[in-house]
Structures are given as structure tokens and as C-alpha cells.
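> What follows is each chain in one-letter form.
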Amino acid sequence: MAGNNGFSVSGYGPERSSMASRVFARDSLVRRLDWPILFAAIALSVIGTALVYSATRNRTELVGDDQYAFLIKHIMNTGIGIALMAGTIWLGHRTLRTAVPILYGISVFLVLLVLTPLGATINGAHAWIVLGGGFSLQPSEFVKITIILGMAMLLAARVDAGDRDHPDHRTVLQALGLAAVPIVIVLLMPDLGSVMVMAMIVLGVLLASGASNRWVFGLLGTGAAGAIAVWQLGVLDDYQIARFAAFANPALDPAGVGYNTNQARIAIGSGGLTGTGLFKGSQTTGQFVPEQQTDFVFTVAGEELGFAGAGLILLLLGVFLWRACRIARETTELYGTIVAAGIIAWFAFQSFENIGMTLGIMPVAGLPLPFVSYGGSSMFAVWVAVGLLQSIKVQRPMSA
Amino acid sequence: MTNIPETGRTPRVQIRLIVIQILVLSLLLTLGGRLWYLQIRNGEEYAEEASGNHVQQVVDPAVRGSILDARGVPIADNETRLVVSASRTDLMKMKDDGKAALAKLADVLGMTAKEVSDKVRLCDSKTPQPCWNGSPYQPIPITDEASPKQALQIRERAEDFPGITAEPTAVRRYAAPGKSNTAQVLGYLSPVTDEEIKKAENTDSPFLRSDQVGRSGLERTYDAQLRGKAGVTRYEVDNLGRVIGKAKDDPAQPGANVVTSIDARVQALSEYWLNDAMKKARQEFDKNTNENYKADAGAVVVMENKTGRIVSMASNPTYDPNAWVGGISGKDYTQLTGKKSNYPLLNRAIQGQAAPGSIFKVIPTTAAVNAGYDFNGSYPCPSSYSIGGQVFKNFESQGHGSITLGQALEVSCDTVFYKLSHDQWAKDGGNKPKKDAKDWFYKTAHQFGLGKETGIDLPNEVTGRVPDRQWKKDYWKANKDGWCKQGKKGGDYVEKIAYENCLEGMKMRAGDSVNYSIGQGDTLVTPIQMATIYSAIANGGTLYNPTVGKAIVSADGKQVQEIKPKSHGKLPMDEKTRADIDGALADVATKGTAAWRFGGWPQDKIPMHAKTGTAEVHGKQTTSWFATYTKDYSIVMTISQGGTGSGASGPAVRKIYDGIYGLDEDGKQNLKKALLPEPQKNLPKIEKDGSIDSPKIKPYKPEAPKPAEQPQELAGAPANWRRD
Numbered sequence: 001m002a003g004n005n006g007f008s009v010s011g012y013g014p015e016r017s018s019m020a021s022r023v024f025a026r027d028s029l030v031r032r033l034d035w036p037i038l039f040a041a042i043a044l045s046v047i048g049t050a051l052v053y054s055a056t057r058n059r060t061e062l063v064g065d066d067q068y069a070f071l072i073k074h075i076m077n078t079g080i081g082i083a084l085m086a087g088t089i090w091l092g093h094r095t096l097r098t099a100v101p102i103l104y105g106i107s108v109f110l111v112l113l114v115l116t117p118l119g120a121t122i123n124g125a126h127a128w129i130v131l132g133g134g135f136s137l138q139p140s141e142f143v144k145i146t147i148i149l150g151m152a153m154l155l156a157a158r159v160d161a162g163d164r165d166h167p168d169h170r171t172v173l174q175a176l177g178l179a180a181v182p183i184v185i186v187l188l189m190p191d192l193g194s195v196m197v198m199a200m201i202v203l204g205v206l207l208a209s210g211a212s213n214r215w216v217f218g219l220l221g222t223g224a225a226g227a228i229a230v231w232q233l234g235v236l237d238d239y240q241i242a243r244f245a246a247f248a249n250p251a252l253d254p255a256g257v258g259y260n261t262n263q264a265r266i267a268i269g270s271g272g273l274t275g276t277g278l279f280k281g282s283q284t285t286g287q288f289v290p291e292q293q294t295d296f297v298f299t300v301a302g303e304e305l306g307f308a309g310a311g312l313i314l315l316l317l318g319v320f321l322w323r324a325c326r327i328a329r330e331t332t333e334l335y336g337t338i339v340a341a342g343i344i345a346w347f348a349f350q351s352f353e354n355i356g357m358t359l360g361i362m363p364v365a366g367l368p369l370p371f372v373s374y375g376g377s378s379m380f381a382v383w384v385a386v387g388l389l390q391s392i393k394v395q396r397p398m399s400a
Numbered sequence: 001m002t003n004i005p006e007t008g009r010t011p012r013v014q015i016r017l018i019v020i021q022i023l024v025l026s027l028l029l030t031l032g033g034r035l036w037y038l039q040i041r042n043g044e045e046y047a048e049e050a051s052g053n054h055v056q057q058v059v060d061p062a063v064r065g066s067i068l069d070a071r072g073v074p075i076a077d078n079e080t081r082l083v084v085s086a087s088r089t090d091l092m093k094m095k096d097d098g099k100a101a102l103a104k105l106a107d108v109l110g111m112t113a114k115e116v117s118d119k120v121r122l123c124d125s126k127t128p129q130p131c132w133n134g135s136p137y138q139p140i141p142i143t144d145e146a147s148p149k150q151a152l153q154i155r156e157r158a159e160d161f162p163g164i165t166a167e168p169t170a171v172r173r174y175a176a177p178g179k180s181n182t183a184q185v186l187g188y189l190s191p192v193t194d195e196e197i198k199k200a201e202n203t204d205s206p207f208l209r210s211d212q213v214g215r216s217g218l219e220r221t222y223d224a225q226l227r228g229k230a231g232v233t234r235y236e237v238d239n240l241g242r243v244i245g246k247a248k249d250d251p252a253q254p255g256a257n258v259v260t261s262i263d264a265r266v267q268a269l270s271e272y273w274l275n276d277a278m279k280k281a282r283q284e285f286d287k288n289t290n291e292n293y294k295a296d297a298g299a300v301v302v303m304e305n306k307t308g309r310i311v312s313m314a315s316n317p318t319y320d321p322n323a324w325v326g327g328i329s330g331k332d333y334t335q336l337t338g339k340k341s342n343y344p345l346l347n348r349a350i351q352g353q354a355a356p357g358s359i360f361k362v363i364p365t366t367a368a369v370n371a372g373y374d375f376n377g378s379y380p381c382p383s384s385y386s387i388g389g390q391v392f393k394n395f396e397s398q399g400h401g402s403i404t405l406g407q408a409l410e411v412s413c414d415t416v417f418y419k420l421s422h423d424q425w426a427k428d429g430g431n432k433p434k435k436d437a438k439d440w441f442y443k444t445a446h447q448f449g450l451g452k453e454t455g456i457d458l459p460n461e462v463t464g465r466v467p468d469r470q471w472k473k474d475y476w477k478a479n480k481d482g483w484c485k486q487g488k489k490g491g492d493y494v495e496k497i498a499y500e501n502c503l504e505g506m507k508m509r510a511g512d513s514v515n516y517s518i519g520q521g522d523t524l525v526t527p528i529q530m531a532t533i534y535s536a537i538a539n540g541g542t543l544y545n546p547t548v549g550k551a552i553v554s555a556d557g558k559q560v561q562e563i564k565p566k567s568h569g570k571l572p573m574d575e576k577t578r579a580d581i582d583g584a585l586a587d588v589a590t591k592g593t594a595a596w597r598f599g600g601w602p603q604d605k606i607p608m609h610a611k612t613g614t615a616e617v618h619g620k621q622t623t624s625w626f627a628t629y630t631k632d633y634s635i636v637m638t639i640s641q642g643g644t645g646s647g648a649s650g651p652a653v654r655k656i657y658d659g660i661y662g663l664d665e666d667g668k669q670n671l672k673k674a675l676l677p678e679p680q681k682n683l684p685k686i687e688k689d690g691s692i693d694s695p696k697i698k699p700y701k702p703e704a705p706k707p708a709e710q711p712q713e714l715a716g717a718p719a720n721w722r723r724d
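Chain order of the listed sequences is X and U. Counted from 1, the first sequence has number 171 at position 171 by the working numbering; the numbering is strictly sequential. Counted from 1, the second sequence has number 281 at position 281 by the working numbering; the numbering is strictly sequential.
Simulated from the structure, these hints should not be mistaken for lab results. Mixed in with the good hints, there may be bad ones.
[Unchecked claim] Example chain X residues on the side facing chain U (calculated, C-beta under 10 Å, incomplete):
#, residue
1, S28
2, H126
3, G272
4, S282
[Said to hold, decoys possible] Beyond 12 Å from chain U on every Cβ pair, some chain X residues (computed):
#, residue
5, L33
6, L110
7, A120
8, V159
9, G281
10, W322
[Stated by the list, open to error] If you want the footprint, here are the derived chain X segments under chain U, 3+ residues with CB under 8 Å:
#, segment
11, 196-209
12, 260-268
13, 313-320
14, 326-337
15, 340-347
16, 354-363
A quick note: this is a predicted structure, and the numbers were derived from the prediction, not measured. We put the beta carbon where it would ideally sit given N, CA and C, even for glycine.
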């Protein structure tokens, strides 16, 4: 973890040691990092920390006597996430390329574990492995990364080797097969939100790989057909159908299914331009919005920080994604482009779905808001993704 | 691969990446737009919803103010009772709709299961009383007379009684101090209706679901003042209803007290003697109908002359106002309002109207003076007066030679007024009335305030009737079809009358004006109207609006709002005429028709003035009227189908005066025994803590009459009892 010191923001010190001068040398790694992305990620994390604290400090049924319980865990999670990012940069995405089969294998194994009696249901989603000691793992978060890495590895292999200018049908088929295995497992959980994100990742990856248009449109068609099939075959649980019904008609059963969305909208709407002030929102203090530290964390921003604060979150996400797009465009190898595009699809759709459901323009699905929502697995995954983006940006050669 | 750019990608990938970038941007813009829509455009709406979301109101009903008598004795106040109520919402959640719980409850309360289940069923058009006509979300009172033991049983075994509560609650009490009942004056309360809630929604005293509203009497007139304002505490609550802070606190403002001019002791006295007079009248034989007097209803009013304040007001038949407390039972309701009930809810003093008989004569006397006749002129009083063959007799056909108008009042000579009225009728054109007919006798009646409300502060006062030309026309128009159908020339009495009415009912006939002149025929007055008129004669001519309410005093006694006497006119007479009439009415008490009822009265100390009246009603027994006044008080009593004025009402009125002034049967005054020798001036004091300094009063018990005098009274009229 020697690199960790070097990458952290606190690296700006009054005196410049020899190490510092090395770190800030013209072509040093630190200089070549994408600072806007890092800044946006850290800013989102700081805002998220405040929001999570605001949402949990009164929830005695969650935090017990210790109002800081979630705050501390959230900061710890963020710290671990940043460390994971550093590690990822240090290893480099090219090194990871060689480890993809192993990582993929582990992640698929973990998702499979969820289907065994070790899996746990939290908030209606059977997507967790309880580790004990208050820790639990949501393997579908890591699957998102391994799907990106795995597909990128397959699709870019021959293009980056210079054999072809776009992946052939067989390669595309292989890549889709690789993605399909964990997606089907997650669908069986059923964790519909994650499935939707993974489908978007697959779409983004395919687009960036240069696969022929037939594949792209074919995939879109399959997605639509799949959605209808899922609906018709009754794979969905009642609560998931109810969420869609409540989305279609928000006035439906305001005390039941529609309650979340209704309360979420009231919370956000009541914030106005500048919000009620941190810790002062009545909807938040009164705990009217369920799951407010995780899936509905954006409502805290809406109510307590108002349009200014919630808009800032959107702006930071925009900065992050804009820079990520630049990275995807500017990197020299297709592997990096595909990984970056996968991450963009993931973050963009997940953020859109998460914020959209609190605003009532998307149906409710259990997805965290990157960097902001409370939750270890998600936090680790998004920071690893930041690490991957940075690694692509710095174009580090394969480390020994 | 010449077309591979430096970045090592095909243009297809490059284009697609730009598409992705645009897509991402548009997603974020969508979110931003929606955020703006919710927070900026509709922000206020949501802020309102949020505040409605987290604020819960706890309503603390205000304690209703008391109604006090003139000295502060509560005649309506509140007592704490253990009220057992059932929440329908909770009961309906149970599998058997709470039947088992209600049956258990009935067991504890010593009621039958049916009684209890009837009380919690909701009223609709098919459901007879008892039933609940309030909101189904409000706890329904099952009994307000639970014993502490029963309440404890219910509370300790709460799991056995889901949805049932036993709470101490302030309940209206009509205490009947000194056995005064005052029922019709006080009125009663009943639960507020949905309509009323809606109507009062945006006023400064909106109703609560649980509110009781005054339905009649003082409870209705002063409802807004008595009700106070319910306290509303707004708590901030979380999603589970747990209180996380207090938002706003409007403490309950207890209702104000209404101090009345009623004196509970005089009220008890009036009620007792009114009832006594009616009982005695029922033992008297009526020669005209060959049966005892029915004495089916009566009223008495005691009024302060100089202010119009009501000292007592009794109406008979009466009822116990406590029957309404806690919801009236079906049986009680039928008893109070059914066809057989004789309508005890009516306040006969303001809602009973009858022909006034001879107590009306002060009006034709004034009319005659105003028409130019000399009060002290000489007017023949023959035993009868005939018009075109129709003979109008004096009572018991007595003649008195030529007398003054004052003497005509004293002996209640009808024929004097017959002639005066007939002459005026002829002057006004007779059957072909002039356009500018003077109508002195009718005009004067209107000037005395008849035919319209006195404006007393009690609801639903009736107007009575002055049967003038206009009324005759209107009445004929309304009834001519019936008359013309029924009328028959040469038929029986009713048919003949109908025939006549059909032909010329719109006309003021000579007979009408003659009958009218002595307060018979179609004339209708209420006891309160006559009390207002006689007290105006006593006070120099001011017609006061009678008032029962004297002051509104806030619960802490700090704010006192006096209800000042108001007048609705002056009597149309100069001071000389007033003094003449005053003197004649004193003569009535000392040597006229009422003298036999005022034997031994200390006229020198307490000058008494009186007028008797016996009104004839077709198909019924005569109505007894007695109007009297002293310097400070007027008392008017009437008994329907009760006999003559002095005969039926005289002794009772005298007994009330005796009580007020502390006189014994011989007319000796004992001021210590006097209940109210002078009108009560000062208001009772109400302390800061709401307690009231009021004297204790004992139930009224009449002194045993001297045995020797009683039979003489019952034996019949003395020689000078002629005509009322």
C-alpha cells in the first residue's frame, strides 16, 4: 500500500520532500491521474457521508444507542474503497486483464452462493451473503466489474492484437455468454435492479467494442423480449410487480406500495431552492422515507440541501461521466475503451435509475447511488471502477 | 488498417462513444429538469404536504362555560363523569365486529347486550333511536354513569375490551338548584352535525367532531360564547406517529360563563306555584263545558321593569333537561316530542300564544285616549251592546252605569270598549273603509309591540297576531278556498261561519272590531309580550327587549361583557295617560277584579297593579291571564284551559310576590325572608381559578297554608268578583 500515500489528496504538504517531488514530477503518475474524476468522486463521497449521517442519526432501530454507527461504517467503507482504488491503479487494468478469468470465476461463485441457504433477503431482494458481525456482501456489485472486464478481454483481444478492426460474431457470442451466466443467476435471486444495470453494461460494452450494429439492435430486441418473458413467466415477485404498478399510477395505494415514491417526492419537493438545512428536514427527521440511507439517499439531499445541493450531486455525476467519456475516447487500446464504456453505462444508468425513482420518473428498484448511498459492496465496487478509469487514463504499462 | 486513427479505434467506435456521451448527458439533464420541476416549480405544494405529513393534531376540547343565575348559582355547569365509550373503528376490525367485546362490556355495565349494541349502531333512515348519529370515527359513548369499579374493571382488563375506553369526562349538568328546573330557558345540547361542521369550517370558532351544540334556549343563543375554543397541540411526529417535537400549541380557551338575570329561588317559586295553580284548576268545575278545567299548559314570567331582565320564566308541562345529557334515549325522545307528549320542550312563555282577553284592555284604553276620548270622560257601561241585532254581552251581563275609562279597566267593563271600537270602526268607513282609515285600535296594538317578537335572547320566539285589515285580507286569501267549499247557508254553526267567511272574510266587520277591542277573537299574544307591555307601563313607557343573559364573564372572571338592556320602542302615550292607567290598574288590585286576590296586601308600601283576563277560545275552555306589576317587577301568568284570570292564576302570582318581598299571608313583610326585594344589581364574582362565589340555596318548600283560608279560596269568588 505504499502507493496509497502518494495518491491521496493529503499529499499536498507544506514542505516538499524528495518523495513529494518525485510524486509531482512532470510525468509522474500523480500528475497524470484524472483529477476531475477523483475530485468528483471524493466530493460525492463527502456529501454522501453527511446525507447518510442525517438519514440514520435518528433511526434508533438501525443505529441503536450510537447515532454515529452508520456514519463511522460509511467512512470506513469509503476509506476501504479509496484503498481499493489505489490498489487497482497500482496493479493497473492491464495486469488485471490476466487475472480476469479468476476474478470472474470468484464473482460467479459468490452470486451462486446467494442462491444457497447462505443467501439472505434484505428489503425484499434476495441478493446478500451475511458474513456475520454486522457485515454482509452483495456479490452482484462485483459481478458488474467482472462482466465488464471479462467481456472487454474477449472483445478486445483480437482487435488490440491488430487482427481485426472489430470483434467477430463468435467473439461477441462468447462475450454475451460470459455475461449471461451471472445475469441469469442474479435474475433468479431476483435482483431486478442489478439485472437492468448489467444489461445496460452489456449494451455499453457492445457499443464500444465496435461490434456490428446487428448485435446492438439484436440485443435491444432481446432485452425487450426478455422483459416481456420475465413478466409473463412470473419470475418477478409480487413486490416487484407492485412497484411497477405504483410507478404507473402513483396514487395507487399511497399507504402501501406507492408510499415510498410518494414520500420521496414530498421530501424532495419540499426542499425548494436551498433546502431545509442539513439535519433539519422534517421528512428525513421523521423517517417518512424508507431506506433513506441507501436507495433513497437522494431524498435527503433534495429535502435538506434543496435544488442547490441535489443539483450539485447531478453536476458532480456529470463531471465524473464526462471525464470518463473522455478517457474512453482518448485511450489507445480498445480494451481500455470498452472497460471505460462499461463503467460509464453502469454509473450512468444506475444513477439515473436511482435518482429517477426518487423523482418519480423511474419505477422503484433497489439500486444504490454511486459514492453517496450507504453500503460496503457498492462502495468498494465503484471505487474499484474509479481505479480502473484512472489506470486507463495513466496508461500504465504492465507492472511487473 | 489505414483508417485506424492514432487512438487505435475505428470511426464506428468513436461515433458510438460520442453517442454514449450525448445519451449520458441527456439522462442527467432529464434528472435536472425533473428536479427543477419538483423543487422549484411545485416546491411550495410539496412543502405543504410535508408539513401535513409530520404534524399531528391533538385536540383538547374546551370546557363549556356555566350558566349562572343572577347571584352566581350555577343552573347549568359540568360534572366529571366516567364515560365508557367504544371505538367503532376498533370494533369493526374484529372478526365478529366486536360482538363478543360488547357483550362482555354489557355484562360489566349491567346492561343487556342489545342495549349496548343498539347504542353503537349508526343511524340511518331505517334505524330507529337509539343509534349513533355522530361520526363513525369518533368514540361512541355507551354510558356516562359508569361507577369507578366498572371503569377499573374495563381498564385493568384492557385486552378483554379492545376499543373500549373508560375516561373521566366533563359532562353537562343541569343542577336544578333549589328545585328550579328552568328547562325550556336553558335548552339543551346535542352532537354537532356534519352540515354544521362544514358551515363553521372557516369561521373563527370551527366545530370539532366531538362538539356538542346548543339546540334551544340559552344553550343555543349563547352557544358561541359558552363553547370556548378547543385547544389544539400540533406535534411533529415521525412515520410511526412517534412524537419528535412540538410544533404549535394553542391552549384550550374554556368557554365563558353566562350570567343570567334568573334568580334560581324565584324560578323555583314560580315553577312551584304555576304547577300548583294548574293542579288546583284541574279540581275546579267548568260550568260551560260541564267538566273540570283541563289546565293543559301554562307559563309565568317575572320581569324587571326597569331593564326588561327576566327574573324567572316557567313553562308547564316541563321536563328534566338532564335527559339530553350523554345522548337522549329513544323512550325519552318520544316522551318529549311525541303526539301524546303535550310538547314539554316548548317554552310557553315565548312560544305559547293565545287571545289575551281583558289584560288587553290597556291597549284599547290608550287607543281611545289617542283617538281623542277623555280618559276621565263618562262612558256608559250597559250589560250588553248590540250591533245590527247581534248582542255582545258584558261578562255575567252586569251593568255599571256611566263610568270613566279607568273604571272600565277596574271593573273590566266590555261594553265601554265595544262602543268605542264600534264608533271608530264606523268613523273609518265601516264596511266600506276609507282609504285613510285611522284604525286607532289596531295601530295602537302595533305600537305596543304586538304582532312581532319582543326580541328576547331566546330562540324561536313567536310573534302573536294583531288581526288588522291587512291580516284579514291575507288570511282570507289563504283560507277562502276551504271556507267556500265547506260553507253552507243555513247549515250548522261551523258551516254558517265558513259561509260568512267565504263571502266577506276579507272585510273588517263591526263584530270583528268589537271582539277585538276586548282581546278576543283572532288576537294572539305571548306571555312575554304582555310582560313587556305591563313593565313598560310600570317603568314610564319603555318597551324593553326582554333579556335572560345579563353578562358574559370569561372563565377566569377577568373579562366581563355586560348585556345592556335594549328597547324596541316607547308606549304611545303621554305621561298623564300612563299615570291614569297606572292608577286604574292599582284600583284593579285594591277594589277591582283582582282585589279578592290581594286581601291584606301592603299597598302603601308595595303598590300593586293588576289586570285580569279570561279569554274565550272556540271549542276550548277559557284561558286564564293575570298581568301584574309593582315598582320593580312585572309578573304575567297564563293557564290554557284554566278558567278565569284571577281565579286560576291569582293565588299563584300573589305567592310569587309574597316570596320575592318576604310577605306572609297577612301582608306583613319580613325582609329576612324576602328573596329579592330589589332587583339583583351586582354581578356574581368569578375568581381567577374559575370558581364562583355563589350562595347555597335550599330547595323551595312552600309554607303550609293556614287551614282556615284554604277552603274559602276554593269555595268560589267573593261578591266583587265579576269579570276578568
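> Among all the numbered hints in the text so far, which are the ones the structure does not match?
Hints 1, 2, 8, 9 and 10 not satisfied by this model.
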